[in-house]
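Enquirer: Okay, here's what each chain looks like letter by letter:
There are 2 protein chains.
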Amino acid sequence: MSNEFRVVGKRYPKMDAWERVSGQAVYVSDIYLPGMLYGKILRSPHPHARVAGIDTEQAKALPGVKAVLTPKDITDFNWTKCPGRGHHDMPILADIARYAGEDIAVAAAVDEERVQEALDLIKVEYQPLPFVIDPEEALKPAAPKVHPAGNLVGGKPVVLNRGSVEKGFQEADLVYEARYSTPLLQHATAEPRVCVARWERGRLTIWDSLQHTFGTQAGLAYVFKIPMSKVRVVCDYMGGGFGDKIQMERYSVLASILALKTGRPVRIEFDREENFLAAHHRYPAVCYLKYGARKDGTLTAIQAKVVANAGAYCHLDGAMGVLETMKGVYRCPNLKGEGYTVYTNTPEGGAMRCVGHPQGQFAQEVHMDIMAHKLGIDPVAFRMKNFARLEDGDQDKKIPFSSNAMEECIRKGAEASGWAQKWQKPGTSPGPVKKGLGMAIHSCRHGAMALPSAGMVKVNSDGTVNVLIGTADVGGNQKSTMAMIAAEELGVPLDVISVTTADTDVTLDTGSTAGSKQTITAGNAIKLAAADAKNQIFAIAAGELKTAKENLELVGGQIRPKGSDKGIALTAVLRKAPATITGRGTGSLLKGAITHCFAAHFAEVEVDTLSGKVRVLNIYAAHDLGKVINLSGAENQTDGGVIQGIGFGMTENQLFDLDTGICVNPNLVDYKLVTIKDIPEIHIQFIEPLDPGGPYGARGLSEPPYSVPAPAIANAVYNAIGVGMTDLPITIRSILESRNRGAKA
Amino acid sequence: MSNEFRVVGKRYPKMDAWERVSGQAVYVSDIYLPGMLYGKILRSPHPHARVAGIDTEQAKALPGVKAVLTPKDITDFNWTKCPGRGHHDMPILADIARYAGEDIAVAAAVDEERVQEALDLIKVEYQPLPFVIDPEEALKPAAPKVHPAGNLVGGKPVVLNRGSVEKGFQEADLVYEARYSTPLLQHATAEPRVCVARWERGRLTIWDSLQHTFGTQAGLAYVFKIPMSKVRVVCDYMGGGFGDKIQMERYSVLASILALKTGRPVRIEFDREENFLAAHHRYPAVCYLKYGARKDGTLTAIQAKVVANAGAYCHLDGAMGVLETMKGVYRCPNLKGEGYTVYTNTPEGGAMRCVGHPQGQFAQEVHMDIMAHKLGIDPVAFRMKNFARLEDGDQDKKIPFSSNAMEECIRKGAEASGWAQKWQKPGTSPGPVKKGLGMAIHSCRHGAMALPSAGMVKVNSDGTVNVLIGTADVGGNQKSTMAMIAAEELGVPLDVISVTTADTDVTLDTGSTAGSKQTITAGNAIKLAAADAKNQIFAIAAGELKTAKENLELVGGQIRPKGSDKGIALTAVLRKAPATITGRGTGSLLKGAITHCFAAHFAEVEVDTLSGKVRVLNIYAAHDLGKVINLSGAENQTDGGVIQGIGFGMTENQLFDLDTGICVNPNLVDYKLVTIKDIPEIHIQFIEPLDPGGPYGARGLSEPPYSVPAPAIANAVYNAIGVGMTDLPITIRSILESRNRGAKA
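Chains as they are written, first to last, in this note's numbering: chain B, 1284 to 2028; chain W, 1284 to 2028.
Hints were generated in silico from the structure; no laboratory data involved.
These numbers come from a predicted model, not from an experiment.
Where hints are given, some of them may not hold.
For identical chains, the list gives no copy identity; a pair is met inside one copy or between any two copies.
[What the hints assert, rightly or not] Computed cross-link-like contacts, PhoX-like style, restricted to lysine-lysine with a CA-CA straight-line distance of at most 25 angstroms:
no., residue 1, residue 2
1, Lys1680, Lys1859
2, Lys1859, Lys1508
3, Lys1578, Lys1708
4, Lys1829, Lys1874
5, Lys1859, Lys1364
6, Lys1450, Lys1680
Construct all of the structure, not just a fragment, from the sequences and the given hints.
Expert: So this is what it looks like as structure tokens:
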């Protein structure tokens, strides 16, 4: 494979940046349809309560109110086994509220004020029930039951076994155990959940801020018992997803039902508080780790027990998501994992820039650092010794990685950070303001190819190109990246390419924009589609030029025999085509290998042990993402991931009052996001092994940069003050209290 | 080819009928964009005048006015040689008005009232010039020149020659000469011209009521010097085109320029008067015919001189459009044609349910009837003797027709009308209220395959289907017809199909919805695309069923070996597909044959010779359109064509005052459309030879039903009163004046 690319790997501005920043981009909340109504959901004020009665008469009588629906009004629709939705434990509207903020009723009215007034007029008689917020409490036999079958999702833990951990611990010179915890975090997307639903006779169109329009198409077809061809889901511009928007949710169904019942378009748009109380979040996890290692640093056993807080409904098996980290980042012959995904009376957890890997990464990387210290081994050397090699891949199924430059990530990151010169043993930094250098590595299955993977490319008669791809552009440069791949493959300039995304009527499904997979999944499809189009064009040109099509190239708008400077114009060839040239491509899975993405982050911090303030000075982020397609985009993703990851490490924490079960900080004032003042210098390095599974050797990137800053910072703090940081976020209190904990670690 | 179809040839409701009649369909004038401005064009009150000065200061100063443009403000744009536009003789805005209604300036403002006020405030100093309205007058040397190069378009007539008309006249027993004329007619679409243009950075989106979105995409890319991929033209619903909307027009360019200059979306919507004064129309034609025939009825010579009134700008070579009729309906070894397309100070002529064939049909069919009478031959027998046979086709290039059931059209139409029983010699009907039976035949190149022809079909995972086709649905059942073809070919129910039309971003070009060609042009593409999709599905099923894919059929949602009742569900097969199945198809031209559509109409009338009133009692319409795909659609087209054709024959006539050059009836009160009371019983017969060039043997239909009612009615009146009707429309005055003309004919 040639390393010489014309477009791929270069820096270009995001193709819709101007529209986004100038306000010209039409987001869902910019859509106003004639006669459109405003829908709003009535939410439970109680974390757990039975709805004993509900009176909507006054609300319905309010002028301008067009519909008020309670659970009994929506029994006609398919829902329970809706494809693509978690454990089918969530009703569309609840007659038992299982968290404070749960959907109890919904209304639609002519304006936003009127619909709020309607909600205020609904009289609900709640019978409060005992509730539980903490997942470890929820596992106790006497705990209030969130669902009748009990609080352990699936009724039993998920279990992983490889080799024998008992044997591993026997072989170990060091066995170290500790408990780690991570908080409940919000995506804090610029754009909260929002949709506009419209029915035209038997056909539903919904504009929805979604990472997976096709999943919602299938879901809505199921709900309304109509053909998928009668459901159109469109997501043109999106103000961020980060996992909150990866499947069809209740609000989309409610808007569609309201639109059906009123015969008018209906918008439902969450406000910020609703997005805190009733959208997904990163679920908190508690990890009990017990690892064994020999004196030389070789890991002999990994044992992990994970308790993940699913919230009131189980979107995904959260504990398993965390355990994947223990399973695959390091090579180890002996593994035992136990995962408990637990219902509590908190909002439904879900994906957030990955699912559970960041929680697991934090626990494992802090654990590894403390072990390195106890073994007297440099943390870099300890990782170098143990990271899963190319041949390790899936250690249970014995399938190698498709490519792996973890070693180079660690080495280059260490070099950039000045590790050899700066690193000192934990707790040896003098004075009250201590310096620390820490690191963490990352490996996960994200950024890998997945199915479906299908795309189309149209070549207009003037040689310009329209790319059609089902991928939602969540703000992560998906449009630009697809344009670059099409331009590279076709041999045309980048600026003649337009991209249509995420419209189920006219584009092809590439799955959700999630799992960091669209560069490779949609990228493979578009590369193949462009190659298909080029092949058709070259076939015509070959006839004109009396040569074999394999012998041709497209350069500067001319198609010519390779090496020749005489050819014919692309536009002249296109005039010979019987119709618009359309290329289509369907990507396929790489066989005999699994694909991971790899990273090593190094954090340099300054800890004021008197005030408790931690300042992150530098992050050195080395990423193996295969061949970089979109350099600006990759840098942008890395910057964004690091910044959000610092929030994970140091500021963000959605809190519930344990006495009332109510969230106390459902807003961006009290829930602390990182601000521009908290952001350190971010030094990015990309290591680019050509992966055989991706377009031009690419893999994905989006989730890994988020996963590693928190443990790297925790380890830098550990390095500075000599006390391991076992709980996130690392706050002033963490540092001040560490004086007491110091003795223990 | 099997004659047994599951869907094709049956009656189904138009798939978007409900949306259209319920007001839910979003036409262009239903599109309101945030910040949208209203554009309006200032029109010349003079038929010919130089603009000596133009003062826009007051208009610009009016609050709410965002732009006022005159010719000097728009010189930056490419226009002159714009592809797809007539003779490049029209400016975007004129500094010499060449017809009353011509575009002089344009303004945009925040609402419709304000923009009208702005136009009222523009001060234009006109220097009136001499003008000419009548095309025969315009050919005289002393006539005012509409353009500097003279009034004859192209500077010389178009000439046709086959054999020797001199020889033909020598061989003839009868040589008959006469003059015929047809009026200026309006499409009178339910929806006048309208567009909304919006720029997002370098990208233009325009919603435009257009029969050819892709042509306008190319045109706007040319005007603004941008890639075609940066121009999106969308036409979802349209309220009729009939030829008025077959290419990019000035209003679309002006709206796009205003949107560019103001940075806001701009709508320009014609009112009814503007559509009369400044949109296309059917151009008037004068035909001088001189035909020769032997005693036995054999035509020996056809000589025609046509003067067509192009209007102030030449959209198309109108005289040639008329002469095509003389060239091809009848077999004749000797032909001479001379065509004069002439500029006058009237609005630009254009296509209207065909181009010039109806004008030619009227003249020729009336001429043929009078000759039949002079020869003492029954008009049916005279046509039977002379119509161009299957082998005749293009009589100059010696290429046969692809199929031809003209004989059956004539025979079945005659039978249905009771010709043998009812027909009497012209002028023999007794009493003051006379009965008449007349006929006319039609043959034209419309309804034939054309390029480009490309389409796509997506099969969703639930076995339902989205059809993507560039064809504009002008109200002529195009969506329904494509759905029927896809359903037939794939073997799925019709109601699981959705159709997306006419969006240049996401569909493929099938040329304009004009020339009655989309059933065959888009139809071939969709049939091939559906077959391609089915082939991919069967390939997967064949693997599952361990049989050859050629051996499979899809019946009732099951794929099974032919003849077997055991198979697997389509949805199960689709789950095995790596991605959404996408079929694509590109139709191609039939070789070695030309395709025409054929018809014979029979009209029965009652003429009150005292009052001059003509009542059409019955129209018997026999059409050869190849295999009928969409039976309800074809009946609907035929009814619509007959009704509009009766208007052509009897009521419609846009008139200009010869002293002022001003149109005197630019509205639907004074311009008389046929009403429900004027419509006779319409008896339709379809003759369906399977044409080798079309999907399932289909050809097109739309234009022919319009072309024949007028001459059939004229001949029925001739039959009733014995006086030939040489000028349209046939009014009370025509009948009353015929008493004087009776002696001559």
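Enquirer: For each hint, tell me whether it holds in the structure or not.
Expert: Structure-based check of all given hints:
1. Lys1680 / Lys1859: between (52 angstroms within a copy, 23 angstroms between copies)
2. Lys1859 / Lys1508: This pair counts as between: shortest inter-copy Cα distance 23 angstroms, intra-copy 46 angstroms.
3. Lys1578 / Lys1708: within (18 angstroms within a copy, 120 angstroms between copies)
4. Lys1829 / Lys1874: between (39 angstroms within a copy, 24 angstroms between copies)
5. Lys1859 / Lys1364: between (52 angstroms within a copy, 21 angstroms between copies)
6. Lys1450 / Lys1680: within (21 angstroms within a copy, 92 angstroms between copies)
Taken one by one, the earlier hints all hold for this structure without exception.
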